[in-house]
Structure formats: C-alpha cells, structure tokens
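Visitor: Listed below are the residues making up each chain.
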Amino acid sequence: MSVNSEILSVVSKFIIPFIQVFGIYVIVNGHISPGGGFAGGTIIGASFILYRIVNGSDKAKDKFSYNTLIKAMCFSLIGYGLLKGYSFIGGGLNLHLPSFPIGTPGRIFSGGYLLPLNIFIGCIVAITMYFLYSLFSEGEI
Amino acid sequence: MRKFITVILTSLLIGIILIGVSDLPEFGKSDVPAHNYVSKTYLEDAVKETGALNIITGIILDYRAFDTFVEATVLFTGAIVVLLLLRREGDECE
Chain A
1 MSVNSEILSV VSKFIIPFIQ VFGIYVIVNG HISPGGGFAG GTIIGASFIL
51 YRIVNGSDKA KDKFSYNTLI KAMCFSLIGY GLLKGYSFIG GGLNLHLPSF
101 PIGTPGRIFS GGYLLPLNIF IGCIVAITMY FLYSLFSEGE I
Chain B
1 MRKFITVILT SLLIGIILIG VSDLPEFGKS DVPAHNYVSK TYLEDAVKET
51 GALNIITGII LDYRAFDTFV EATVLFTGAI VVLLLLRREG DECE
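Line by line, the protein sequences are chains A and B.
Residue numbering for the first sequence is 1 to 141, as defined by the working numbering.
Residue numbering for the second sequence is 1 to 94, as defined by the working numbering.
The set of hints was computed from the structure by calculation and includes no laboratory data.
All of these numbers come straight from a predicted model, not from anything done at the bench.
It is possible that some hints are incorrect.
Chain B stretches covered by chain A per the calculated footprint, using a threshold of three residues with CB under 8 Å from any CB of chain A [to be verified]:
{"no.": "1", "segment": "50–58"}
{"no.": "2", "segment": "61–74"}
{"no.": "3", "segment": "81–89"}
Distance windows between CB atoms, simulated [unchecked claim]:
{"no.": "4", "chain 1": "A", "residue 1": "Leu82", "chain 2": "B", "residue 2": "Lys48", "range": "25 to 31 Å"}
{"no.": "5", "chain 1": "A", "residue 1": "Thr68", "chain 2": "B", "residue 2": "Ser39", "range": "40 to 46 Å"}
{"no.": "6", "chain 1": "A", "residue 1": "Phe136", "chain 2": "B", "residue 2": "Thr41", "range": "39 to 45 Å"}
{"no.": "7", "chain 1": "B", "residue 1": "Tyr63", "chain 2": "A", "residue 2": "Ser9", "range": "27 to 33 Å"}
{"no.": "8", "chain 1": "B", "residue 1": "Lys48", "chain 2": "A", "residue 2": "Gly92", "range": "14 to 20 Å"}
{"no.": "9", "chain 1": "A", "residue 1": "Gly79", "chain 2": "B", "residue 2": "Leu9", "range": "42 to 48 Å"}
{"no.": "10", "chain 1": "A", "residue 1": "Gly81", "chain 2": "B", "residue 2": "Tyr37", "range": "25 to 31 Å"}
{"no.": "11", "chain 1": "B", "residue 1": "Gly15", "chain 2": "A", "residue 2": "Phe136", "range": "38 to 44 Å"}
{"no.": "12", "chain 1": "A", "residue 1": "Ile24", "chain 2": "B", "residue 2": "Glu89", "range": "33 to 39 Å"}
{"no.": "13", "chain 1": "B", "residue 1": "Ile5", "chain 2": "A", "residue 2": "Ile24", "range": "51 to 57 Å"}
Straight line, CA to CA, 25 Å or less: simulated SDA-like cross-link-like pairs of lysine to any residue [to be verified]:
{"no.": "14", "chain 1": "B", "residue 1": "Lys48", "chain 2": "B", "residue 2": "His35"}
{"no.": "15", "chain 1": "A", "residue 1": "Lys61", "chain 2": "B", "residue 2": "Glu89"}
{"no.": "16", "chain 1": "A", "residue 1": "Lys63", "chain 2": "B", "residue 2": "Gly78"}
{"no.": "17", "chain 1": "A", "residue 1": "Lys63", "chain 2": "B", "residue 2": "Thr77"}
{"no.": "18", "chain 1": "A", "residue 1": "Lys84", "chain 2": "B", "residue 2": "Tyr42"}
{"no.": "19", "chain 1": "B", "residue 1": "Lys48", "chain 2": "A", "residue 2": "Lys13"}
{"no.": "20", "chain 1": "A", "residue 1": "Lys61", "chain 2": "A", "residue 2": "Ala72"}
{"no.": "21", "chain 1": "B", "residue 1": "Lys48", "chain 2": "A", "residue 2": "Ser33"}
{"no.": "22", "chain 1": "A", "residue 1": "Lys59", "chain 2": "B", "residue 2": "Arg88"}
{"no.": "23", "chain 1": "A", "residue 1": "Lys59", "chain 2": "B", "residue 2": "Val70"}
{"no.": "24", "chain 1": "B", "residue 1": "Lys40", "chain 2": "A", "residue 2": "Pro105"}
{"no.": "25", "chain 1": "B", "residue 1": "Lys48", "chain 2": "A", "residue 2": "Val28"}
{"no.": "26", "chain 1": "B", "residue 1": "Lys48", "chain 2": "A", "residue 2": "Leu93"}
{"no.": "27", "chain 1": "A", "residue 1": "Lys71", "chain 2": "B", "residue 2": "Phe76"}
{"no.": "28", "chain 1": "A", "residue 1": "Lys63", "chain 2": "B", "residue 2": "Leu83"}
{"no.": "29", "chain 1": "A", "residue 1": "Lys13", "chain 2": "A", "residue 2": "Ala46"}
{"no.": "30", "chain 1": "B", "residue 1": "Lys48", "chain 2": "A", "residue 2": "Lys63"}
{"no.": "31", "chain 1": "A", "residue 1": "Lys59", "chain 2": "B", "residue 2": "Glu89"}
{"no.": "32", "chain 1": "A", "residue 1": "Lys59", "chain 2": "B", "residue 2": "Leu84"}
{"no.": "33", "chain 1": "B", "residue 1": "Lys48", "chain 2": "A", "residue 2": "Pro98"}
{"no.": "34", "chain 1": "B", "residue 1": "Lys48", "chain 2": "A", "residue 2": "Lys61"}
{"no.": "35", "chain 1": "B", "residue 1": "Lys40", "chain 2": "A", "residue 2": "Gly103"}
{"no.": "36", "chain 1": "A", "residue 1": "Lys63", "chain 2": "B", "residue 2": "Ile55"}
{"no.": "37", "chain 1": "A", "residue 1": "Lys84", "chain 2": "B", "residue 2": "Ile55"}
{"no.": "38", "chain 1": "B", "residue 1": "Lys48", "chain 2": "A", "residue 2": "Lys59"}
{"no.": "39", "chain 1": "A", "residue 1": "Lys13", "chain 2": "A", "residue 2": "Ala39"}
{"no.": "40", "chain 1": "A", "residue 1": "Lys71", "chain 2": "B", "residue 2": "Val70"}
Glycine included, every Cβ here is placed at the ideal spot set by N, Cα and C.
Pulled out of the complex, with its shape left as it was, chain A reads as follows (with noise of 0.2 Å):
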C-alpha cells in the first residue's frame, strides 16, 4: 500500500529529514526546555509514519526492519530500567557510587541521568508508533 504522488514523494523526501532532526532537538534538549522523550517519540515516530504512507510497506521494511526495531525497543527498556535502578539503590541507600554529575543547569550534557533516560524513553515511545500504525493499518510490520 503506498500513495503513488510525484508531489508528496518529493515533498516528503524534503521535509522528513527536518521532522526528524526536530524530534532529537526535542529529546535532547528535554531537561533544559519544554518537550522531553514523549513528546520527542511521538513526532520521530510521525516522521516514520509519514515514510511509510509515501513509499510503501516494502521500501519501510527495508529501513526499519522488525528485527531492529524490537532490539532498539527492547535495549531501551531495560536500559532504562538498570540506569534508573543503580541511581536508586546507589541514592536511596547512600552507597556514593560514581555516578553521572549534574553539571551546570541549562547545559546538554548536565542533570545526571535525565539526557539518557529521556533518549531510552523517546526511542520506546518513537518505535510503539510506528508498531501501533503499522500492524493497525497493514497487519504487518
């Protein structure tokens, strides 16, 4: 299934590189303005949406294969899980393990674990899309 349209292939092509670099400005710059990983997430996986209404299940399934996607989603869950679990036990139970600094606020690279997690988030976030529309729409991923 794909939309055969010279004008939103080109036009697609054009703009999905910018939706994309303005997710991860998104995500990245989560804990120093508004945004963070859901909202990031949600516009990558737009932007992978939109790939796949203009050129189709095949060319999207040579991009962004099943087997990738579920690694990515599943490395980031438990990612996430071990990154925030060694930051509780180490600050719950005082232990003083090396941990990241938190730097000057309003810096990328500042507040701990917050840039990481939020990639972790953004990418299950971005990928559940794209699974969600995918399989509802085709029945296939």
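Following the hints, position chain B against chain A.
Guide: Showing chain B alone in chain A's frame:
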C-alpha cells in the same frame, strides 16, 4: 433477572462512588491534604537537586522515575499485545 441484577449492581456502585465524592474537600479551599509541602519543595529544590531547568522532566525522570518506567512498560506491553492480536498469519516477523 440478569437485567435486574445489573441495575442493582450499577446503582450500588454509583452510590458507593457518590459517598466517596461527598467526602472530598470543598473546591478552592487552601488547607486540603493535596496542598502540602511537596509542591513547594519541588519548586524550590528541583533545579538544584536534579539539574533540570524544565522541572517537569526533573520530576518525571528523577523523583518519579519508576512511574515513568512503568509507563514505558505499558507502551511496550501495548505494542506487543497488538503485535500478537493483529499480525497477519504467515507474516515473517515472528
């Protein structure tokens, strides 16, 4: 008979929930349990303790990170269940 029992059960449930609602504090009062020190602490200490200028991110990914973890797990479970239920037979992704 079944309809009768349904009506009775529904009115009972509605009654119980209304009893609960009638005990809620009055709208707009200042000395309710929800207005305790927590919101003040978040406003004052969140930037210093978490390093996030966006306090919402500081709260959902630091103070309440396990809540967000379970939210992500709910999303994951939803995707897996939809995959199980809606996948066409004979598709290669198994």
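Visitor: Against this structure, judge whether each hint is valid.
Guide: Here's how the hints hold up against the structure:
1. For the segment 50–58 of chain B, the stated coverage by chain A holds: 8 residues have a C-beta nearer than 8 Å to a C-beta of that chain, and at least 3 were required.
2. With a threshold of 8 Å between beta carbons, the proposed coverage of the segment 61–74 of chain B by chain A holds, since 8 of its residues qualify and at least three are required.
3. A count of 5 residues in the segment 81–89 of chain B with a Cβ less than 8 Å from any Cβ of chain A is obtained; the coverage claim is therefore met, three being the minimum.
4. The hinted window of 25 to 31 Å between leucine 82 of chain A and lysine 48 of chain B holds, with their beta carbons roughly 26 Å apart.
5. Our hint of 40 to 46 Å for threonine 68 of chain A and serine 39 of chain B holds, since their Cβ atoms are close to 42 Å apart.
6. The hinted range of 39 to 45 Å is satisfied by phenylalanine 136 of chain A and threonine 41 of chain B, whose Cβ atoms lie roughly 43 Å apart.
7. Distance hint check for tyrosine 63 of chain B and serine 9 of chain A: the Cβ-Cβ separation is about 46 Å, which falls outside the suggested range of 27 to 33 Å.
8. Restraint check, lysine 48 of chain B to glycine 92 of chain A: a C-beta distance of roughly 19 Å satisfies the suggested window 14 to 20 Å.
9. Remark: the range hint 42 to 48 Å for glycine 79 of chain A to leucine 9 of chain B is upheld by a beta-carbon distance near 45 Å.
10. Between glycine 81 of chain A and tyrosine 37 of chain B the C-beta distance comes to about 30 Å, which sits within the given range of 25 to 31 Å.
11. A beta carbon spacing of about 39 Å between glycine 15 of chain B and phenylalanine 136 of chain A agrees with the range 38 to 44 Å that was offered as a hint.
12. Isoleucine 24 of chain A and glutamate 89 of chain B have their C-beta atoms about 37 Å apart, which keeps the hinted 33 to 39 Å range intact.
13. Between isoleucine 5 of chain B and isoleucine 24 of chain A the Cβ separation comes to about 56 Å, which falls inside the hinted range of 51 to 57 Å.
14. For the suggested pair lysine 48 of chain B and histidine 35 of chain B, the alpha carbons sit about 22 Å apart, so the restraint of at most 25 Å is met.
15. For the suggested pair lysine 61 of chain A and glutamate 89 of chain B, the alpha carbons sit about 17 Å apart, so the restraint of at most 25 Å is met.
16. Of the pairs offered as hints, the one joining lysine 63 of chain A and glycine 78 of chain B holds, with about 23 Å between alpha carbons and a cut-off of 25 Å not exceeded.
17. As the CA atoms of lysine 63 of chain A and threonine 77 of chain B are separated by approximately 24 Å, the hinted pair is consistent with the 25 Å bound.
18. A threshold of 25 Å between alpha carbons decides the hint, and for lysine 84 of chain A with tyrosine 42 of chain B the separation of about 20 Å falls inside it, so the pair holds.
19. Pair hint lysine 48 of chain B plus lysine 13 of chain A does not hold up; C-alpha atoms about 43 Å apart against a cutoff of 25 Å.
20. At roughly 15 Å between alpha-carbon atoms, lysine 61 of chain A and alanine 72 of chain A fall within 25 Å of each other, so this suggested pair holds.
21. A threshold of 25 Å between alpha carbons decides the hint, and for lysine 48 of chain B with serine 33 of chain A the separation of about 16 Å falls inside it, so the pair holds.
22. Restraint check: the Cα-Cα separation between lysine 59 of chain A and arginine 88 of chain B comes to about 19 Å, which is no more than 25 Å; the hinted pair holds.
23. Between the alpha carbons of lysine 59 of chain A and valine 70 of chain B the distance comes to roughly 33 Å, so the proposed pair goes past 25 Å and is violated.
24. Between the alpha carbons of lysine 40 of chain B and proline 105 of chain A the distance comes to roughly 20 Å, so the proposed pair stays at or under 25 Å and holds.
25. This hinted pair checks out: lysine 48 of chain B and valine 28 of chain A have alpha carbons roughly 20 Å apart, not beyond 25 Å.
26. Only pairs whose Cα atoms come within 25 Å are accepted, and lysine 48 of chain B paired with leucine 93 of chain A is accepted, the gap being roughly 20 Å.
27. Between lysine 71 of chain A and phenylalanine 76 of chain B the alpha-carbon distance is near 12 Å, which keeps this suggested pair within the 25 Å criterion.
28. Of the supplied pair hints, the one linking lysine 63 of chain A and leucine 83 of chain B holds, its CA atoms being roughly 19 Å apart against a limit of 25 Å.
29. Taken as a hint, the lysine 13 of chain A and alanine 46 of chain A pair is honoured in the structure, with Cα atoms around 14 Å apart against an allowance of 25 Å.
30. Taking the CA atoms of lysine 48 of chain B and lysine 63 of chain A, the gap is about 42 Å. The hint is violated against a cut of 25 Å.
31. For a cut-off of 25 Å, the pair hint linking lysine 59 of chain A to glutamate 89 of chain B stands: about 21 Å separates their Cα positions.
32. Restraint check for lysine 59 of chain A and leucine 84 of chain B: satisfied, since their Cα atoms lie roughly 23 Å apart, inside the 25 Å limit.
33. With a C-alpha separation of about 19 Å, the suggested pairing of lysine 48 of chain B with proline 98 of chain A holds against the 25 Å cut-off.
34. Note on lysine 48 of chain B and lysine 61 of chain A: the hinted pairing is violated, with a Cα-Cα distance of about 45 Å set against a maximum of 25 Å.
35. At most 25 Å may separate the alpha-carbon atoms for a hinted pair to count; lysine 40 of chain B and glycine 103 of chain A meet this at roughly 23 Å.
36. Restraint check: the Cα-Cα separation between lysine 63 of chain A and isoleucine 55 of chain B comes to about 36 Å, which exceeds 25 Å; the hinted pair is violated.
37. Simply put, lysine 84 of chain A and isoleucine 55 of chain B have alpha-carbon atoms about 18 Å apart, close enough for the 25 Å limit, and the pair holds.
38. About 48 Å separates the Cα atoms of lysine 48 of chain B and lysine 59 of chain A, which puts this hinted pair outside 25 Å; it is violated.
39. Between the alpha carbons of lysine 13 of chain A and alanine 39 of chain A the distance comes to roughly 23 Å, so the proposed pair stays at or under 25 Å and holds.
40. This hinted pair checks out: lysine 71 of chain A and valine 70 of chain B have alpha carbons roughly 19 Å apart, not beyond 25 Å.
In summary, the structure is inconsistent with hints 7, 19, 23, 30, 34, 36 and 38 from the numbered list given earlier, while agreeing with the others.
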